[in-house]
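Relying on the hints, combine the two individually framed chains into one complex.
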Amino acid sequence: MHAYHDLGGTPAGPIEQDDHPAVLWEKRVEALLTLVRRRGLLTTDENRRALESLGADVYHNLSYAERRALALSNNMIAKGVFTIDELAAKLAEIDRRKDPLP
Amino acid sequence: MSASVAKDTMRTAKPAFTPGQRVRVRQVDPPGHIRTPHYIRGKSGVIERFCGFFPNPEEKAYGRSGEPMRALYRVRFVQSHVWTGYSGGALDTVDIDLYEHWLEPAGA
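Protein sequences, first through last, are from chains A and B.
Counting along the first sequence from 1, when you hit position 12 you're at 156 in the working numbering, and nothing is skipped either side.
Counting along the second sequence from 1, when you hit position 64 you're at 55 in the working numbering, and nothing is skipped either side.
So that you can see chain B by itself, here it is in the shape it has in the complex (with noise of 0.2 Å):
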């Protein structure tokens, strides 16, 4: 995968985000082929890595190139504040692929 960074980041902007920094997902519910969880919209959570810039499905599954690629980070959440009632460990965590579009930076 780094190949593929090196070469992507030179034909394309940099990451807006970096890893540890605090993002919310958007809260937004477009049409079409959509690969953001409906349950993590709105949430918060926290960049663990970016994973390489990629044509955007969004614009693949009508057809089109997905260009201008766009930058996937993989976000960590928190169970519980994912989760109403959530039963589990205070320490357990999802980790969700994420487009950079989807993102926004949250408050600390």
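Isolated chain A (complex conformation) (with noise of 0.2 Å):
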């Protein structure tokens, strides 16, 4: 079975080819992704697995920097660096902030 992001040989039409470029926390989730790397917390390949992972409903419904850091998110509670209570809990401390990102 074709894998949702094995896509060689599928329709793809038209290229876009607009410039968009990264806002800041988009520029963030890249960030973060180095400094787990460069820390030996995480393997290409291991983000590449964890975005392959989402499901094919999640993978297409989430922009690029949202389903990369939904899959960083996945990798850092699989290998224990932040357990869900504590994404959970940092999750509403942002959602309480006037300002998400300052």
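Please note that a few of the clues may not be correct.
Stated by the list, open to error - The list that follows gives simulated cross-link-like pairs (lysine-lysine, DSS-like), each with its CA atoms no further than 27 Å apart: (1) A:Lys223 to B:Lys51; (2) B:Lys34 to B:Lys5; (3) A:Lys171 to A:Lys234; (4) A:Lys223 to A:Lys171; (5) A:Lys223 to A:Lys234; (6) B:Lys51 to A:Lys171.
Worth flagging that the hints you see were computed from the coordinates, not collected in a lab.
Following this line, the structure appears as structure tokens:
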């Protein structure tokens, strides 16, 4: 079966060539990925496997940065870097902020 | 790259295939993180070069070491053999990096 991320040979339509510069939180996702790799907490292959394990619906409904953030948090929970409770508490704290992205 | 090839060759088995040899990509569909594109499985090509030994990404994807290292090859395929109804040039080819455990010898 064709995995949902393995698109070679499937009809693609025209290539979207608009410039879409990354916003701050998207850059932070990439910075975090670099950091956890350098600290030996994650390999590129683990990151890719997590992206490929999100399921087709989630994968296609999220933006590039959103799915990378979700795959990263799944990996960090699986490796015990933080717990689900700690993540939930942090998300709740961010929700209470006036400006969620200072 | 030549230095890493030399070092790794000393502690790993020799590559099973040599440049020019015809190989077929295994037609299998395992779970996990697979770097062999679906469209090339079951197709035959020619070893273009041996790229060196590398940790197996299918193992590294699960947090393991990727040992034993796997031989990686660049394999050249004729586009008109890969795609049904290919409308490009008859000499067009596509090169794909493939690990040895995905390849089997193919007849000439």
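* Enumerated hints in conflict with the structure, sorted upward -> No numbers; nothing is violated.
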